[in-house]
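Visitor: The chain contents come next:
2 protein chains.
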Amino acid sequence: MQFPSKLIEDAVHAFATLPGIGKKTALRLVMHLLQQEPKSTELLSEAILKMRKDIQFCSTCHNVSDDPVCSICSSPARDRQVVCVVENFRDILAIENTRHYNGLYHVLEGLISPMDGIGPEQLNIQSLLERMDQGEIQEVIMALNPTIDGDTTIFYLSKILSKYGVKITSIARGIAFGGELEYVDEITLARSIQARLPYESYLNK
Amino acid sequence: MQFPSKLIEDAVHAFATLPGIGKKTALRLVMHLLQQEPKSTELLSEAILKMRKDIQFCSTCHNVSDDPVCSICSSPARDRQVVCVVENFRDILAIENTRHYNGLYHVLEGLISPMDGIGPEQLNIQSLLERMDQGEIQEVIMALNPTIDGDTTIFYLSKILSKYGVKITSIARGIAFGGELEYVDEITLARSIQARLPYESYLNK
Numbered sequence: 001m002q003f004p005s006k007l008i009e010d011a012v013h014a015f016a017t018l019p020g021i022g023k024k025t026a027l028r029l030v031m032h033l034l035q036q037e038p039k040s041t042e043l044l045s046e047a048i049l050k051m052r053k054d055i056q057f058c059s060t061c062h063n064v065s066d067d068p069v070c071s072i073c074s075s076p077a078r079d080r081q082v083v084c085v086v087e088n089f090r091d092i093l094a095i096e097n098t099r100h101y102n103g104l105y106h107v108l109e110g111l112i113s114p115m116d117g118i119g120p121e122q123l124n125i126q127s128l129l130e131r132m133d134q135g136e137i138q139e140v141i142m143a144l145n146p147t148i149d150g151d152t153t154i155f156y157l158s159k160i161l162s163k164y165g166v167k168i169t170s171i172a173r174g175i176a177f178g179g180e181l182e183y184v185d186e187i188t189l190a191r192s193i194q195a196r197l198p199y200e201s202y203l204n205k
Numbered sequence: 001m002q003f004p005s006k007l008i009e010d011a012v013h014a015f016a017t018l019p020g021i022g023k024k025t026a027l028r029l030v031m032h033l034l035q036q037e038p039k040s041t042e043l044l045s046e047a048i049l050k051m052r053k054d055i056q057f058c059s060t061c062h063n064v065s066d067d068p069v070c071s072i073c074s075s076p077a078r079d080r081q082v083v084c085v086v087e088n089f090r091d092i093l094a095i096e097n098t099r100h101y102n103g104l105y106h107v108l109e110g111l112i113s114p115m116d117g118i119g120p121e122q123l124n125i126q127s128l129l130e131r132m133d134q135g136e137i138q139e140v141i142m143a144l145n146p147t148i149d150g151d152t153t154i155f156y157l158s159k160i161l162s163k164y165g166v167k168i169t170s171i172a173r174g175i176a177f178g179g180e181l182e183y184v185d186e187i188t189l190a191r192s193i194q195a196r197l198p199y200e201s202y203l204n205k
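Chains A and B supply the protein sequences, listed in that same order. Counting from 1, position 29 in the first sequence corresponds to residue 29 in this note's numbering; the numbering is continuous, with no gaps. Counting from 1, position 37 in the second sequence corresponds to residue 37 in this note's numbering; the numbering is continuous, with no gaps.
Think of the hints as simulated: they come from the structure by calculation, not from any bench. Keep in mind that this is a model prediction, so the values were computed, not measured. Hints are supplied without guarantee of correctness; some may be wrong.
Note that identical chains are pooled: a pair holds if it fits in a single copy or bridges any two copies.
[What the hints assert, rightly or not] Straight-line Cα separation of at most 27 angstroms, DSSO-like style, residue types lysine-lysine; simulated pairs:
1) Lys6 <-> Lys24
2) Lys39 <-> Lys23
3) Lys23 <-> Lys6
4) Lys53 <-> Lys167
5) Lys6 <-> Lys39
Could you put the whole structure together from the sequences, leaning on the hints where they help?
Guide: Structural data, given as structure tokens:
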């Protein structure tokens, strides 16, 4: 692709480093900025720079935060006896948007992955054990992706958490709401038959 | 949508002002930046800021440029007798990428649109007439979108350019390469029959 200007080329390459944005889309974004007032480019530039520079990670749960302790950990309305373990802070956002969870979180910042050489010591597991030591937590919910790495991590965590004698649960896996049995993969279907629920509990959900 | 932080919310809103980027995509971009080194956000922020601040518009053809005169206008390899009139600098990029045009350009920065209250005096027409006055230009190609506004602009320009006695042409309109007759709209098909070409000239294209 030919660029009319070095400045445009640099901006296109910078945009194209973002996920899901190729060179053509990046060029469209740059062209859009050029047709707007310089002010709008300044606002975008400042907003992302300030966000990246000033963002903090909660000292308790490692969620992104404006303050040293995040709004969830510092909220008095939250159930402090339940902790939901997630892979990254994007998952917190997804769960929060359901508005059906009122406990705390713990961000691992990754999953145990022997293939990628990621062991437990590279994840935020030590800080989870320190939270467990305080004795307030009664239940740990594993909300990890249903992959081999996710299952490995759940297996590891459930072993080292067993000494605390707390309830360890995992988010339900099965057929998605609105899905069609015919098109579901065999593993999901097999698991959802094995982990079948009594009809009454299904109604209560 | 709930945001875990005011900083993230501001950055998402800034990204979401870009075309084709909604709140969900914007959030994905922000999350990506947060998971990268701060350096990559700085690079993006600086590239777009510098691009918007330092970009110039060519004093001859109004194309975007790093210098007061753009690389096309200042190139000795270009045919200075042909000028292609386009709506905006994005069209120049599209035509340049074909590698089948070697003349100069003139960016109108809009089209005459009575509906939107845009008259000829708001477009770069005066500067086109000044270029015509220099007497070097032999052909003006209208490469405007095939819309009512495009046709209005071509009609207006062809009238005021008629006094210079130069050749005035328009890019060919017809069935797109690879298109199927069955699915082409009536206006395009009707026009492409009316403007049919001798078979030999078709072969030469």
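Visitor: Please go over all the hints and tell whether each is borne out by the structure.
Guide: Do the hints match the structure? See the list:
1. In this assembly of identical chains, Lys6 and Lys24 lie within 27 angstroms of each other by CA distance solely inside one copy; the values are 16 angstroms within and 31 angstroms between copies.
2. Taking the shortest alpha-carbon separations for Lys39 and Lys23, both the intra-copy value of 24 angstroms and the inter-copy value of 21 angstroms come in at or below 27 angstroms.
3. Taking the shortest Cα distances, Lys23 and Lys6 sit within 27 angstroms of each other inside one copy (15 angstroms), while across copies they are farther apart (30 angstroms).
4. In this assembly of identical chains, Lys53 and Lys167 lie within 27 angstroms of each other by CA distance neither inside one copy nor across copies; the values are 38 angstroms within and 58 angstroms between.
5. For the identical chains of this complex, Lys6 and Lys39 are neighbours both inside a copy (21 angstroms) and across copies (21 angstroms), given an alpha-carbon limit of 27 angstroms.
Checked against the numbered hints given earlier, the structure breaks only hint 4 and satisfies all the rest.
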